[in-house]
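J.: Listed below are the residues making up each chain.
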Amino acid sequence: MWWRSASFILDRQQHQNRTVAPSPESFLLSSPPPMADSPLNPKSNISAYYQTRAAHHAVVTTDWLAQAQAAVGRHSDDDGSLGGDKGAARIGGGGGGEEEGSGKAFSVIDEFNSWRKQPALAEAVAAIRALAAVIRTSGAATMMELEIELKKASDSLKSWDTTSISLTAGCDLFMLYVTRTSALEYEDFNSAKSRLIERAEKFGEISCKARRIIAMLSQDFFFDGCTILVHGFSRVVLEVLKTAAENKKHFRVLCTEGRPDRTGLRFSNELAKLDVPVKLLIDSAVAYTMDEVDVVLFGADGVVESGGIINMMGTFQIALVAHSMNKPVYVAAESYKFARHYPLDQKDMSPARRPIDFGVPIPSKVEVETSARDYTPPQYLTLLFTDLGVLTPSVISDELIQLYL
Amino acid sequence: MPYTNQAAALIHSVKAVGERLIAANPVELAVGNVVRRVLHIVREEDLSLTTAAMAGLNLSAESDDEDDTDRDNHPALSAAAIAAASRSTLRPPSLQTLLEDVPDSAAVPHTSSSGGDSEGKSKSADKSSRSRKLKHDVIEAVNELIQDISTCHELIAEQAVEHIHQNEVILTLGSSRTVLEFLCAAKEKKRSFRVFVAEGAPRYQGHLLAKELVTRGLQTTLITDSAVFAMISRVNMVIVGAHAVMANGGVIAPVGLNMVALAAQKHAVPFVVLAGSHKLCPLYPHHPEVLLNELRSPSELLDFGEFSDCLDFGSGIGAPLLHVVNPTFDYVPPKLVSLFITDTGGHNPSYMYRLIADYYSADDLVLERRTTSGN
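Listed in order, the protein sequences are those of chains A and B. Numbering follows full-length UniProt numbering, in which position 169 of the first sequence is assigned residue number 169; successive positions increment by one, without gaps. Numbering follows full-length UniProt numbering, in which position 121 of the second sequence is assigned residue number 121; successive positions increment by one, without gaps.
Rather than coming from a laboratory, the hints here were simulated on the basis of the structure. Be aware that one or more of the hints could be misleading.
[Unchecked claim] Going by beta-carbon spacing under 7 Å, a handful of chain A positions derived as facing chain B: (1) Met216; (2) Leu217; (3) Asp220; (4) Thr392; (5) Ser394.
Backbone N, C-alpha and C fix where the C-beta goes; we use that ideal spot for every residue, glycine too.
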């Protein structure tokens, strides 16, 4: 079933009734000239998470985005009226009562966006840096007040983009750290505050350090002459393969095309620079080539409590094929991507929709599955390489329990 | 090499000896395991002593300097906070420690130096008595470890009654002392069951095990290794020993056991591995068939007299055409193992990481010493 409710026909009719003709404001929104100022309407049908990813890699241009929006225009929700002015001010539920709140949260979201623009920085780290900025600019005089402010800021960040797992995980991790720290006896509020800020800034370095640790730990798992299958564009995986290439390991990489993000093309570009033999496959050719593959390697958008991962659409498929052919499936993910989330099936997460350009106009009666990511259950994963060490999927829930209880 | 820290000196010397022991026989993983256990013991004892000392020092300092306002200038972390932070260094890195920072070693003497001059003399006396206490504690703990290793068979055998039931058929391969004691313990508790013993070529130690079992009064059937697949459908449980258990739950076992594990999986027979906790290795197996294997002499397979012309290098053809490979060990992947029975109880293969975190420290996994100027 496509929809949760049984009366999906009713829902659909309602949906179509509410659809407004594409407002000029939303078009304005989607084609601002410089990328740096793009307000990124969070309520649009494209998940903000993927908007930024596209912006980072500059493959998806803003005109393309506009075209795509037009192509799937019938899915545009009722928020055409909400477009227009700074999308950033629209944080989780409007209402005039939020003026001062939105003033403060305005800076959080802005700050977050400015950090996120750096392509090397992970989402969770950007979130933590933004929260550190909140601490710095806060006028609170006690830990309790500071905590409340941070909670508000963290909630607004999370509701701004409900689809990003690592954003939620990063915010939660930082909030937990703050509550734990305040439990220790500090004589002086200012020293506690400065300590929090200092730790948050140091956390940014962890992002790069984490990738290096993961690259180091995973080296032993690739032997000379192995064939690695990768899917999606993960900076961690790229670091792993870079390190292997630097250590003069001989291996070759099979890269899936990764429609519609064209991740395969970007990834193979990067690998070609490293002089690593790369072969591109279309997504459907994975099972065909699986018997010449020795190792399957993924990154992850998020690691959930069951030990499974949430990653780009297609990951589950490849893991299934690899499992049935007895190939090891390895996941490289930093530890701040662990999230307290336990999806029971594919539809259990908030859908991150992403427009797909088929190249030809699609008749309006035809639906398109636009979800951008899927959930891979832990029984199809062999090992996870994290900066906490090499872990089996069963360790993840243990780690999360240790942290949150 | 002067070390301000007694524990660090101990760790350094243990690592030095441990490195050489491991280098002597890398395939014998138990050596590395024990070295790492001892290192973990040293760290733990040092930590508990430090915590106790800190708590004592802080208390006395506070009582003496109640009116000392200088102490308010720097953040006074309570002993509990320091202990909690230090404890986090002992545990493997976790999400919790990701944001927390270990207070620098400078912070620890800093707070202790704020205790005032009257404490100076008693501090130095404390220090030397502490180092003596550390050694004493470590030696005690190591003796306990030795005790544990020698009694592991009994502890494992105690659990036999829970797993072996009346009128069951047990399959094993080769000979293992742990398995022998396990089966005999069940026999003593008046369970009647039968044992199939696969002979375990080329050493044929299964013959010895069969003889032992018969003298203890157990009904035994001896089969060849190749007959395992034929007989597995008649078997209720497979119980074997292990050479080593790796961090992912995989088992390094005598050759032939991978085949038995596959047969057991095919017929849904539980595959139980008995292993003392000193066999638990914190490393991941990379290419265990090659890197963690030992190739023994071909004479166990072939008689040199008959085959000397095939195996001989100097026979005029150049390299000999007949190669004989005699590996000692097999690698059984974790998904084929149903249960591990250790001296601490029965565990899932996916639970191994927990035991590793208990017994070993993350810093000890790689035992190479950094270059020191003194050497």
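J.: Which of the numbered hints are not met once you compare them with the structure shown?
T.: 1 and 2
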